[in-house]
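> Protein chains in written order, with the working numbering: chain H, 1 to 280; chain Z, 1 to 280.
It should be emphasised that the hints constitute simulated quantities derived from the structure, not laboratory data. A couple of the hints might just be wrong.
Said to hold, decoys possible - Ranges between beta-carbon positions, derived for each pair:
#, chain 1, residue 1, chain 2, residue 2, range
1, Z, Arg262, H, Arg43, 34 to 44 Å
2, H, Gly259, Z, Leu48, 38 to 48 Å
3, Z, Glu82, H, Gly130, 53 to 63 Å
4, Z, Lys111, H, Ala135, 49 to 59 Å
5, H, Thr202, Z, Lys111, 31 to 41 Å
What the hints assert, rightly or not - Derived DSSO-like pairs (lysine-lysine); straight-line CA-CA distance at most 27 Å:
#, chain 1, residue 1, chain 2, residue 2
6, Z, Lys29, Z, Lys157
7, H, Lys111, Z, Lys29
8, H, Lys207, Z, Lys29
9, H, Lys29, Z, Lys29
Glycine is no exception: its CB is placed at the ideal position from the N, C-alpha and C atoms.
Protein chains: 2
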Amino acid sequence: MKPPAVVAILGVGLIGGSIGLALRERGFKGRIIGIGRNRSRLRKALQLGAITESTTSIERGVSQADLIVVCTPVDCIVEHVEQISQHAPSGAVITDVGSTKGTIVAALTGKTGDAHFVGSHPLAGNEKPGVEHAASDLFVNRTVVVTPERKTNVEAKKRIVRFWKKVGADVVSLSTKEHDRSVAMISHMPHAVAAVLAATPTAGQLKLAATGFADTTRIAGADAELWVQIMRDNSVEVLQSLEQFIDNLEQVRCALEHGDYRKLSRYLKRGKQARGSLGS
Amino acid sequence: MKPPAVVAILGVGLIGGSIGLALRERGFKGRIIGIGRNRSRLRKALQLGAITESTTSIERGVSQADLIVVCTPVDCIVEHVEQISQHAPSGAVITDVGSTKGTIVAALTGKTGDAHFVGSHPLAGNEKPGVEHAASDLFVNRTVVVTPERKTNVEAKKRIVRFWKKVGADVVSLSTKEHDRSVAMISHMPHAVAAVLAATPTAGQLKLAATGFADTTRIAGADAELWVQIMRDNSVEVLQSLEQFIDNLEQVRCALEHGDYRKLSRYLKRGKQARGSLGS
């Protein structure tokens with residue numbers, strides 16, 4: 001298992017750009033081919049040193065690549081991987097960075113010809129999109145989930161794990177089901193909650209918002225259409241998480257309504273304890 | 001209207017300590033008397049330069065003060081201001097930093113003898129309590145709401161406004177009703193939401209939480225008992241805000257359930273727009 005000499009990145013935005021920057025900062029000497037439709041974005045990625053060359057052709061971009069990372073929106077990934085698999089060299093490994101895994105992995109596993117697909121999801125990001133916000137340390141001490149299936153090529157999985165470790169990430173292996181359920185709970189559903197929280201006050205009330213409100217609603221600043229796609233793709237799990245959250249919140253509402261401040265206290269303490277188990 | 005020469009601070013924690021530090025950094029040359037029950041906390045405040053002297057006696061602490069700031073928990077403020085008003089010099093101005101204003105201001109306005117009470121609420125804070133987290137710039141570019149009533153002494157109100165401007169704050173004057181409704185919406189209710197959000201995932205799911213979840217739940221790390229008091233004191237408005245939030249969230253749940261992604265998109269966009277109107 002030799003390390004890849006040519007990495008291709010389809011979609012050189014925040015995540016794709018950060019992968020390129022991280023590889024180069026961590027001593028990767030091979031070619032990093034950026035593939036995209038928008039020439040000015042590709043130029044920017046070249047200028048920032050996130051890629052070493054660029055092309056608007058998927059065919060040309062992947063035809064010599066050992067490892068290909070698809071960093072396009074969730075609802076384009078299956079189509080893009082299918083295209084790539086027709087042009088990638090035999091034995092090439094393809095992964096993605098989509099926030100959902102169930103539908104993507106089911107559609108692609110064992111269906112990429114002589115290339116191998118392994119699903120990935122880096123739990124790192126930023127509400128600010130674009131290669132201009134890419135950072136070589138975006139994945140450092142962050143978790144990347146890989147979701148191999150029984151049919152997944154074992155060697156390909158090892159190469160993808162090594163790739164994510166190379167850019168600084170901790171790698172966790174989960175089933176697609178576990179992954180989708182977990183991210184619904186700790187990412188997709190909270191995104192909907194933050195958006196609704198930001199949208200509920202009046203403009204006058206918003207003027208009084210302090211750092212607490214700004215923190216709590218920060219993720220609502222992300223691209224709405226991308227998040228609709230993510231929630232749509234993972235709708236069953238997002239709906240279930242949201243129902244569970246609303247049930248709990250309903251308990252707090254009920255405690256407030258009936259002046260049951262012990263119960264309210266129990267909820268706030270449980271929240272404080274859970275929050276304390278995270279970092280800052 | 002001459003500036004105060006002696007400021008007394010009852011409760012030298014994060015807020016009280018930051019007031020002292022800010023006054024001194026901004027050229028206040030008078031005495032700053034810290035009053036509290038805990039001698040070791042008072043010593044720490046002295047060491048950090050947040051106060052110039054300390055006492056455990058309210059009577060001694062306020063008997064020579066021109067301006068007294070009560071930085072104790074919401075459910076102690078009325079009692080503390082009443083005590084202070086019995087020992088403060090005639091014409092002294094007393095304010096508080098409580099997160100709710102309705103009950104406090106109603107209980108105290110016109111009832112502090114020869115001293116004058118004006119309600120305040122600095123919309124600044126930190127989930128980390130204690131004078132060790134105090135900072136001289138805590139109020140810089142932050143809003144402080146003052147809530148004068150018809151009976152409030154006009155001169156006293158002016159002195160309190162000048163005092164908050166002195167420590168770097170922007171001052172906004174609101175009725176207690178407007179204040180309590182607004183902070184329920186942009187602070188108290190979001191606190192309950194953040195706590196429930198942190199408490200809903202399993203421990204295993206929490207391990208996958210990234211920066212987004214950490215931001216969204218940060219305020220849940222604050223002291224639970226203090227927040228129970230605040231929500232209790234402002235329960236009518238907090239309940240109303242929470243009901244409004246749950247109604248909106250219910251719309252999103254319903255959109256997800258019925259696959260109405262246009263509606264979901266409208267909500268996410270509204271959230272993004274509202275969030276964009278805040279700073280970072």
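> Could you run down the list of hints and mark each one as holding or not?
Consistency of the hints with the structure:
1. Arg262/Z with Arg43/H: 34 to 44 Å: Distance hint for Arg262/Z, Arg43/H holds at roughly 35 Å.
2. Gly259/H with Leu48/Z: 38 to 48 Å: holds, 39 Å
3. Glu82/Z with Gly130/H: 53 to 63 Å: holds, 57 Å
4. Lys111/Z with Ala135/H: 49 to 59 Å: About 57 Å separates the Cβ atoms of Lys111/Z and Ala135/H, which means 49 to 59 Å holds.
5. Thr202/H with Lys111/Z: 31 to 41 Å: holds, 33 Å
6. Lys29/Z with Lys157/Z: Judged against 27 Å, a Cα distance of about 22 Å means the pair holds.
7. Lys111/H with Lys29/Z: violated, 76 Å
8. Lys207/H with Lys29/Z: violated, 34 Å
9. Lys29/H with Lys29/Z: Roughly 62 Å separates the two Cα atoms, so the pair is violated.
Figure legend: structure checked against the earlier numbered hints; hints not met, in rising order: 7, 8 and 9.
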